[in-house]
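2 protein chains.
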Amino acid sequence: MRYELYYWPEIQGRGEYVRLALEEAGADYVDVARRGGGTDEMMALMDSTRLDHRPFAPPFLRAGKMVIAQTANILLYLGGRHDLAPKPEAGRLWVHQLQLTIADFVVEIHDTHHPIASGYYYEDQKKEAKRRAEDFRQRRTPKYLGYFDDVIRKSRGPFLLGRRLSYPDLSLFQLVEGLRYAFPQMMRRFEKKVPRVVEAHARVAKRPRIAAYLASDRRIPFNEMGIFRHYKELDA
Amino acid sequence: MRYELYYWPEIQGRGEYVRLALEEAGADYVDVARRGGGTDEMMALMDSTRLDHRPFAPPFLRAGKMVIAQTANILLYLGGRHDLAPKPEAGRLWVHQLQLTIADFVVEIHDTHHPIASGYYYEDQKKEAKRRAEDFRQRRTPKYLGYFDDVIRKSRGPFLLGRRLSYPDLSLFQLVEGLRYAFPQMMRRFEKKVPRVVEAHARVAKRPRIAAYLASDRRIPFNEMGIFRHYKELDA
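Listed in order, the protein sequences are those of chains P and U. For the first sequence, position 76 (counting from the first letter as 1) is numbered 76 according to this note's numbering, and the numbering increases by one without interruption. For the second sequence, position 148 (counting from the first letter as 1) is numbered 148 according to this note's numbering, and the numbering increases by one without interruption.
Think of the hints as simulated: they come from the structure by calculation, not from any bench. From the three backbone atoms N, C-alpha and C, an ideal C-beta is built for every residue, glycine too. Careful, some of the hints might be misleading.
Claimed, not checked - The list that follows gives simulated cross-link-like pairs (lysine-lysine, PhoX-like), each with its CA atoms no further than 20 Å apart:
{"#": "1", "chain 1": "P", "residue 1": "K130", "chain 2": "U", "residue 2": "K130"}
{"#": "2", "chain 1": "P", "residue 1": "K127", "chain 2": "U", "residue 2": "K126"}
{"#": "3", "chain 1": "U", "residue 1": "K65", "chain 2": "P", "residue 2": "K154"}
{"#": "4", "chain 1": "U", "residue 1": "K193", "chain 2": "U", "residue 2": "K154"}
As the list claims (entries may be wrong) - Estimated spans, in silico, between C-beta atoms of each pair:
{"#": "5", "chain 1": "P", "residue 1": "A236", "chain 2": "U", "residue 2": "E224", "range": "31 to 37 Å"}
{"#": "6", "chain 1": "U", "residue 1": "R153", "chain 2": "P", "residue 2": "R156", "range": "37 to 43 Å"}
{"#": "7", "chain 1": "U", "residue 1": "G146", "chain 2": "P", "residue 2": "G146", "range": "24 to 30 Å"}
{"#": "8", "chain 1": "U", "residue 1": "A27", "chain 2": "P", "residue 2": "D47", "range": "37 to 43 Å"}
{"#": "9", "chain 1": "U", "residue 1": "K232", "chain 2": "P", "residue 2": "D124", "range": "41 to 47 Å"}
What the hints assert, rightly or not - Here are some chain P residues pointing at chain U (derived, C-beta under 8 Å):
{"#": "10", "residue": "H53"}
{"#": "11", "residue": "M66"}
{"#": "12", "residue": "L93"}
{"#": "13", "residue": "H96"}
{"#": "14", "residue": "Q97"}
{"#": "15", "residue": "L100"}
{"#": "16", "residue": "T101"}
{"#": "17", "residue": "H110"}
{"#": "18", "residue": "P115"}
{"#": "19", "residue": "G119"}
{"#": "20", "residue": "Y121"}
{"#": "21", "residue": "E123"}
{"#": "22", "residue": "R139"}
{"#": "23", "residue": "P142"}
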């Protein structure tokens, strides 16, 4: 089956967590909006009266007759199919729990530059962004990354579940990659406190399919339209 | 099996979405932190080195040997066990997708009064809260509730999936209940635009087990420590 991924063409955004899973799985997929006219196709499908399960927002994945939205939900689906999650219920719920915690962190990362409203320009909420980013750097990042480091410590690593890679490892890789782009100064000082997270990131980056993906033009570069944005004044 | 729910004792918060599912299911559960000394027990369990799957934050549910965290993940688990979700994969993913969209809305509701940081007092981010709440009332609430109304329209109602109640209906009930408490003026004007959501709310409220729960002292009243807070200046 060829999957169809629907997401904005210009950014990594939330689509990237899905792309990393599809790439690691070696799945056959097409990134619809990155073809010419793809955004129109995505918007048409979202507004479609024919769709039984209309998504609230991208990303969404067409898998045969199903259209699945919500990043963590898509990964729940893919994880079961491509050996990126344990089969038994307890393990399956645990990796999903980790993914939902990552999703919470992603909202907080986004809101460092958009604390008031996604619909306003960054420039119109810059002052508020500075306040929010300060708390983010001092308290939220240590809390989240410290938690994931502790999960890896308990599993004995190198991954969140131990020796076995699962889909939240791919998302954790993306968090480190993105935070290094957006908050290089913060990460330079902070990374030594979460050595297991840093090691897990390095191991994911070296996996053959992920390395090939990162070197390809399928990987959209970070930019100031996505979730991870580098604004000097928000780093410290 | 007797479930144990771990959550803060003073607020409905995210624990409430789990309580509503447990109550509708007629499940045997104990709300641990509402017993004397329960918060200490919760904190001890969270910090426990014995726990294989340590939660990042409450709520979490102990179900036999499993400890499951993240509200939507707990509901995914309970939905399958208590007939609050369809069994086939497509339906199971669809209700989870709806729940995750509700979860996104819950974050936005919380952030109307805490746009800068959860760790600061409301009073220290009141000005920012007013700006965020304005966008929330004018754009975000119509977008989310309009979406759920459209889902009910498509399913032909009265619930999100049609004639059959599923766990996101219980959460949607809580959203309407909470928004009426926190933003009474907004809701007074807006509700006529989402008649199907209002009708679904009324039907959930009348279900015998939910009605009994709402009338009991197990239901914590809304207050200004939870997610839904009534601050006149944020309503309009």
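Consistency of the hints with the structure:
Our distance criterion of 20 Å between C-alpha atoms is met by K130/P and K130/U, whose separation comes to about 17 Å. Between K127/P and K126/U, the direct Cα distance comes to roughly 14 Å. Compliance with the 20 Å bound is thereby established for this hinted pair. The hinted pair formed by K65/U and K154/P meets the criterion: a straight-line CA distance of about 18 Å does not exceed 20 Å. For the hint linking K193/U to K154/U, the alpha-carbon distance of about 16 Å falls within 20 Å, and the restraint holds.
Checked against the hint of 31 to 37 Å, the pair A236/P and E224/U passes, with Cβ atoms roughly 32 Å apart. In this structure the supplied range 37 to 43 Å is violated for R153/U paired with R156/P, their Cβ-Cβ distance being about 51 Å. Checking the proposed 24 to 30 Å range against G146/U and G146/P shows it is violated: the Cβ atoms sit about 39 Å from each other. At roughly 39 Å, the beta-carbon separation of A27/U and D47/P lies within the given 37 to 43 Å, and the hint holds.
Separation of K232/U from D124/P is about 25 Å and departs from the stated range, judged on CB atoms against 41 to 47 Å. At a threshold of 8 Å, the smallest CB-CB gap from H53/P to chain U is about 5 Å, leaving the interface hint in force. Below 8 Å, beta-carbon pairs count as interface contacts, and M66/P has one with chain U at about 5 Å; its hint therefore holds. The restraint placing L93/P at the interface with chain U holds, with a minimum CB-CB distance near 6 Å, inside the 8 Å limit.
For H96/P, the suggested interface contact is upheld, since its CB lies about 5 Å from the closest CB of chain U, less than 8 Å. Because the beta carbon of Q97/P sits about 5 Å from the nearest beta carbon in chain U, less than 8 Å, this interface hint is met. At about 4 Å, the closest approach between the beta carbon of L100/P and any beta carbon in chain U falls short of 8 Å, and the interface hint on this residue holds. Because the closest C-beta pair between T101/P and chain U is about 5 Å apart, less than 8 Å, the hint holds.
A distance limit of 8 Å between C-beta atoms decides the matter here; for H110/P the minimum to chain U is near 11 Å, and the interface restraint is violated. A cut of 8 Å between beta carbons decides the hint on P115/P: the least distance to chain U is about 5 Å, and the hint holds. Checking G119/P against chain U by beta carbon gives a least distance of about 6 Å; that is within 8 Å, so the hint holds. The restraint placing Y121/P at the interface with chain U is violated, with a minimum CB-CB distance near 13 Å, outside the 8 Å limit.
A hinted interface residue such as E123/P counts as satisfied when its beta carbon comes closer than 8 Å to some beta carbon of chain U; here the least separation is about 14 Å, so the hint is violated. Interface hint at R139/P: satisfied, since its Cβ lies 6 Å from the closest Cβ of chain U, which is below the 8 Å cut-off. About 12 Å separates the beta-carbon of P142/P from the nearest beta-carbon of chain U, more than 8 Å, and the hint is not met.
Of the numbered hints given earlier, the model fails hints 6, 7, 9, 17, 20, 21, 23; all others are met.
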